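Student: So you can see what is in the structure, the chains are spelled out below.
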Amino acid sequence: MAAKTLTIDGQMVSAEEQQTVLEAARDAGIRIPTLCHQEGVMAIGACRLCLVEVAGITKLLPACVTKVQEGMDVKTNTERLQKYRRMILELLFAERNHVCAVCVSNGNCELQSLAMEHGMDHVRYDYRCPKCGVDLTHRLFGADDNRCVLCGRCMRVCWYIEGAGTKNVSGRGVNSSIINDLHQPWGAAESCTSCGKCVLSCPTGALFYQGATVGEMTRDRSKLEFIVTAREKKQWIA
Amino acid sequence: MLLEDLIKIQETELAARKKCTLRVCLAAGCMSLNAEAVKEALEKAVQEAGLANDVEVRGVGCMKLCCEGPLVGVDPEASLYRQVTPENAASIVSTFKGGQAEAEKGDPHSPFFEKQFCIVLENSGLVDPDRIESYIAADGYFALRDALREMTPPDVVAAITKSGLRGRGGAGYPTGLKWATVAKTRSTRKFVICNADEGDPGAFMDRSVLESDPHRVIEGMIIAALAVGAEQGYIYVRAEYPLAIKRLQTAIRQAKQMGLLGSGILESPFTFNIDIRIGAGAFVCGEETALMASVEGRRGQPRPRPPFPAEAGLFSQPTLINNVETFANVPPIIRKGADWFAGIGTEKSKGTKVFALAGKIKNTGLIEVPMGASLRTIVEEMGGGAPDGNTVKAVQTGGPSGGCIPASELDTPVDYESLTKLGSIMGSGGMIVMDQTTKMVDVARFFMEFCMDESCGKCVPCRVGTVEMHGLLAKIMAKKATAADLRTLEELCDLVKNTSLCGLGQTAPNPVLSTLRFFRNEYAELLQPEPKLPAGAGKLPVPSSA
Amino acid sequence: MDRLRVATVWLGGCSGCHMSFLDLDEFLIDLAQKVEIVFSPVIDVKEYPENVDLVLVEGAVCNEDHLEVARRLRERTNVVVSFGDCAVTGNVTAMRNPLCSADCVLKRAYLETADVNPQIPREPGIVPPLLDRVMPLHEVIPVDCYLPGCPPPADRIKALLMQLLTTGSARLVGAQIKFG
Numbered sequence: 001m002a003a004k005t006l007t008i009d010g011q012m013v014s015a016e017e018q019q020t021v022l023e024a025a026r027d028a029g030i031r032i033p034t035l036c037h038q039e040g041v042m043a044i045g046a047c048r049l050c051l052v053e054v055a056g057i058t059k060l061l062p063a064c065v066t067k068v069q070e071g072m073d074v075k076t077n078t079e080r081l082q083k084y085r086r087m088i089l090e091l092l093f094a095e096r097n098h099v100c101a102v103c104v105s106n107g108n109c110e111l112q113s114l115a116m117e118h119g120m121d122h123v124r125y126d127y128r129c130p131k132c133g134v135d136l137t138h139r140l141f142g143a144d145d146n147r148c149v150l151c152g153r154c155m156r157v158c159w160y161i162e163g164a165g166t167k168n169v170s171g172r173g174v175n176s177s178i179i180n181d182l183h184q185p186w187g188a189a190e191s192c193t194s195c196g197k198c199v200l201s202c203p204t205g206a207l208f209y210q211g212a213t214v215g216e217m218t219r220d221r222s223k224l225e226f227i228v229t230a231r232e233k234k235q236w237i238a
Numbered sequence: 001m002l003l004e005d006l007i008k009i010q011e012t013e014l015a016a017r018k019k020c021t022l023r024v025c026l027a028a029g030c031m032s033l034n035a036e037a038v039k040e041a042l043e044k045a046v047q048e049a050g051l052a053n054d055v056e057v058r059g060v061g062c063m064k065l066c067c068e069g070p071l072v073g074v075d076p077e078a079s080l081y082r083q084v085t086p087e088n089a090a091s092i093v094s095t096f097k098g099g100q101a102e103a104e105k106g107d108p109h110s111p112f113f114e115k116q117f118c119i120v121l122e123n124s125g126l127v128d129p130d131r132i133e134s135y136i137a138a139d140g141y142f143a144l145r146d147a148l149r150e151m152t153p154p155d156v157v158a159a160i161t162k163s164g165l166r167g168r169g170g171a172g173y174p175t176g177l178k179w180a181t182v183a184k185t186r187s188t189r190k191f192v193i194c195n196a197d198e199g200d201p202g203a204f205m206d207r208s209v210l211e212s213d214p215h216r217v218i219e220g221m222i223i224a225a226l227a228v229g230a231e232q233g234y235i236y237v238r239a240e241y242p243l244a245i246k247r248l249q250t251a252i253r254q255a256k257q258m259g260l261l262g263s264g265i266l267e268s269p270f271t272f273n274i275d276i277r278i279g280a281g282a283f284v285c286g287e288e289t290a291l292m293a294s295v296e297g298r299r300g301q302p303r304p305r306p307p308f309p310a311e312a313g314l315f316s317q318p319t320l321i322n323n324v325e326t327f328a329n330v331p332p333i334i335r336k337g338a339d340w341f342a343g344i345g346t347e348k349s350k351g352t353k354v355f356a357l358a359g360k361i362k363n364t365g366l367i368e369v370p371m372g373a374s375l376r377t378i379v380e381e382m383g384g385g386a387p388d389g390n391t392v393k394a395v396q397t398g399g400p401s402g403g404c405i406p407a408s409e410l411d412t413p414v415d416y417e418s419l420t421k422l423g424s425i426m427g428s429g430g431m432i433v434m435d436q437t438t439k440m441v442d443v444a445r446f447f448m449e450f451c452m453d454e455s456c457g458k459c460v461p462c463r464v465g466t467v468e469m470h471g472l473l474a475k476i477m478a479k480k481a482t483a484a485d486l487r488t489l490e491e492l493c494d495l496v497k498n499t500s501l502c503g504l505g506q507t508a509p510n511p512v513l514s515t516l517r518f519f520r521n522e523y524a525e526l527l528q529p530e531p532k533l534p535a536g537a538g539k540l541p542v543p544s545s546a
Numbered sequence: 001m002d003r004l005r006v007a008t009v010w011l012g013g014c015s016g017c018h019m020s021f022l023d024l025d026e027f028l029i030d031l032a033q034k035v036e037i038v039f040s041p042v043i044d045v046k047e048y049p050e051n052v053d054l055v056l057v058e059g060a061v062c063n064e065d066h067l068e069v070a071r072r073l074r075e076r077t078n079v080v081v082s083f084g085d086c087a088v089t090g091n092v093t094a095m096r097n098p099l100c101s102a103d104c105v106l107k108r109a110y111l112e113t114a115d116v117n118p119q120i121p122r123e124p125g126i127v128p129p130l131l132d133r134v135m136p137l138h139e140v141i142p143v144d145c146y147l148p149g150c151p152p153p154a155d156r157i158k159a160l161l162m163q164l165l166t167t168g169s170a171r172l173v174g175a176q177i178k179f180g
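Residue numbers (our numbering), protein chains in the order written: chain F, 1 to 238; chain C, 1 to 546; chain G, 1 to 180.
Just so you know, these hints were derived from the structure itself, not from any lab.
Computed from a predicted structure; not experimentally measured.
Treat the hints with care, since some could be wrong.
Derived DSS-like pairs: lysine-lysine, alpha-carbon spacing no greater than 25 Å straight-line [what the hints assert, rightly or not]:
no.	chain 1	residue 1	chain 2	residue 2
1	C	497	C	439
2	C	475	C	539
3	C	539	F	75
4	C	348	F	59
5	F	67	C	184
6	C	539	G	158
7	C	162	C	348
8	C	475	F	131
Working from the sequences, and respecting the hints, build out all of it.
Tutor: Pasting the structure below:
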């Protein structure tokens with residue numbers, strides 16, 4: 001595979017041809033914030049947190065789906081990008097009811113961490129305060145729509161790693177929500193294998209283990225990556 | 001079927017023409033005003049008057065002056081009757097025997113008609129959309145025959161490129177370049193898609209073209225498929241257009257029966273089929289990647305580009321996707337030559353553009369003008385200005401993605417670049433006229449509400465940003481906002497424009513930005529004073545020793 | 001130099017932020033050298049005074065009284081700090097927003113779930129009417145600094161006060177702005 005050389009934040013970086021800017025940056029130890037990105041499943045470029053500036057291109061490009069190119073000059077952390085990222089995070093907090101104080105993922109939440117990282121000390125937009133449901137019908141897991149950021153990670157791991165296709169989206173725009181099967185209660189969704197990959201992938205407290213306390217709500221997402229890698233490299237076939 | 005057959009159909013059809021024709025508009029606008037009953041009344045009157053051998057009553061497509069429907073045209077004297085009712089229809093027939101028509105006469109020589117230059121709409125209001133023979137009589141499918149027999153696929157692409165045709169869906173991407181890209185990709189499976197998911201509020205150009213002259217679009221698609229090497233085509237049309245769907249279905253069936261679609265088109269080895277896919281009411285499915293996802297049977301959501309549809313589109317195969325009006329321009333370009341087409345319009349915008357005139361304007365309806373015609377010609381001369389003695393305040397082009405152009409800029413020529421310079425866009429052709437009673441903040445709020453409702457919800461800036469912008473606009477309207485809220489609104493416009501995933505979000509702030517640019521005072525008048533702060537607000541006195 | 005005139009205000013919150021303030025322990029003694037508390041739930045002053053340098057506002061804006069207090073303190077104070085998650089985000093106090101309006105919240109609390117003597121408290125001039133929507137402080141008045149946390153730990157309060165006292169303004173970053 002051919003290698004490409006590019007510049008990220010002034011640092012010369014070499015990357016494999018098919019790598020994305022996000023992968024190249026991570027390999028070089030440069031952090032680009034992400035939310036909808038999940039190692040092991042298809043990137044969708046939806047959260048817009050990983051937008052970067054590329055010299056010569058007026059549009060901002062999502063690092064997670066932009067392939068590296070020879071001679072590319074990428075800036076990942078300009079003042080403009082920082083401003084946009086903070087605004088996007090504020091919009092996410094305004095969208096649903098994120099009450100960190102009473103959330104089971106307090107301290108283990110990607111949204112909360114991203115807010116800290118980007119200096120979001122308050123939200124300038126009006127809180128929408130939508131009425132959202134909580135689904136506790138599954139015997140192991142729970143789903144709280146109040147905390148969902150619609151990143152679609154649960155859906156992608158369910159479809160593309162587990163292959164169950166339980167998680168789907170219904171509605172559109174700000175009224176979108178993650179549903180199970182054809183909008184059944186989770187416990188009644190026959191396609192669900194109770195594998196728990198969705199809970200592993202969830203960046204916030206929207207999907208959680210029933211009975212887990214705040215201290216226990218850690219997620220070992222490397223398990224998902226492990227499965228994908230093992231499958232792709234056929235590590236389970238003798 | 002061969003050329004001779006095509007010529008024979010044309011000759012037979014023309015020979016069967018009667019001395020006089022009564023053309024009744026059967027497009028959706030007139031249909032909703034009872035045009036079908038008018039047609040029946042006319043047929044009955046012709047029978048009763050014993051004129052069946054001399055007078056043909058023909059259902060045709062849109063006759064353009066929609067506000068005066070139902071419209072009836074009389075040939076050969078080319079007169080026009082407006083607001084015809086089933087009751088007074090018989091009196092029109094009586095004129096053939098020296099009688100007096102009770103129906104109101106329209107003026108086919110008014111600027112509304114005289115200033116039109118019809119390429120896309122050349123058959124609209126003339127041919128019967130339900131009969132392929134009627135289209136063939138108007139030189140239909142001869143362009144396909146030429147493209148198939150006299151030209152090679154690269155010739156066709158070259159002709160489209162040379163014509164200077166640009167995408168009529170709104171963005172104005174050079175059509176020839178798009179075709180060339182798809183043609184160059186090496187894949188055994190390619191697709192041609194016609195985007196008929198017209199969704200802008202106040203836009204009805206594509207609907208009218210499909211209802212009036214469906215074969216023209218089909219012919220354009222077949223020529224495109226020939227040029228790029230595709231075997232399967234889809235027309236993605238919104239479910240809200242049942243009449244257009246019905247006429248397309250009829251047209252596709254007829255074209256298949258005549259060997260113009262299917263395998264061995266015009267007895268050549270070329271195969272091409274067209275299927276219709278019906279949208280389920282999502283505006284975002286007019287965005288090409290969302291449209292393709294929907295055709296594939298998935299949730300209609302856009303995805304990041306690249307890869308562009310030309311490389312990896314429908315089912316990950318190279319896909320050519322053009323708008324209805326773009327395809328409708330193709331047959332005349334092939335038939336009359338690229339140079340003829342390139343001679344019309346301006347330097348960078350060739351040909352004509354169809355606009356749907358709506359809003360506070362006297363002559364509501366469909367117009368087609370050469371690119372470069374001024375907005376003033378369209379709005380004041382052709383459209384007749386605002387009704388009831390009101391004055392035109394602004395013109396909105398491009399629907400929720402476009403902007404409001406103030407009356408002071410009416411001398412702007414209509415072409416892609418000039419409209420973009422004013423913060424609007426050509427768009428698909430919706431043109432909404434506003435008079436002095438229109439509140440511009442409310443216009444911006446209306447369009448933002450539309451975008452908010454139509455956002456698919458995939459990317460955060462569009463999903464939540466549109467809601468927050470709508471909230472701020474409503475707050476301004478309610479006289480509860482301050483200058484700080486206006487600043488927040490402008491910041492959000494900047495964010496949503498620059499960070500949204502697809503065109504819907506990227507252009508959603510345009511109505512706000514353009515009304516802010518030209519009508520900022522209307523916003524300022526609604527703002528409330530900021531709360532009083534003490535003189536030393538914001539900072540503590542710092543001890544000098546510290 | 002005169003000591004800074006500092007106030008603390010308690011709107012719709014649990015007073016946990018004030019408790020956390022008291023957790024400043026011996027720093028309170030240092031603080032007392034530099035500031036004078038001119039208004040607070042912990043001192044006996046009825047009227048919010050004029051010419052206040054700094055105010056820490058705990059709690060969200062939930063009722064008419066809060067609205068009035070917030071507007072008055074903004075007119076009379078140079079630096080307003082949103083003190084704790086309720087003031088910054090609405091937090092737990094605002095969890096009633098998605099449910100319904102003030103009326104139905106009151107009905108639920110005082111009628112439907114009442115064991116004895118169900119009635120909605122109504123005493124004009126004494127019991128302030130609830131707002132339909134609980135708001136964070138900055139939705140009502142301009143706010144200068146934000147001190148998130150539920151409650152903000154004492155060291156965070158200290159960090160903010162130190163910044164304010166030494167530089168005149170403050171902005172917390174990183175782990176110091178963790179919600180919850």
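Student: Which of the stated hints cannot be reconciled with the structure, identified by number in ascending sequence?
Tutor: 2 and 3
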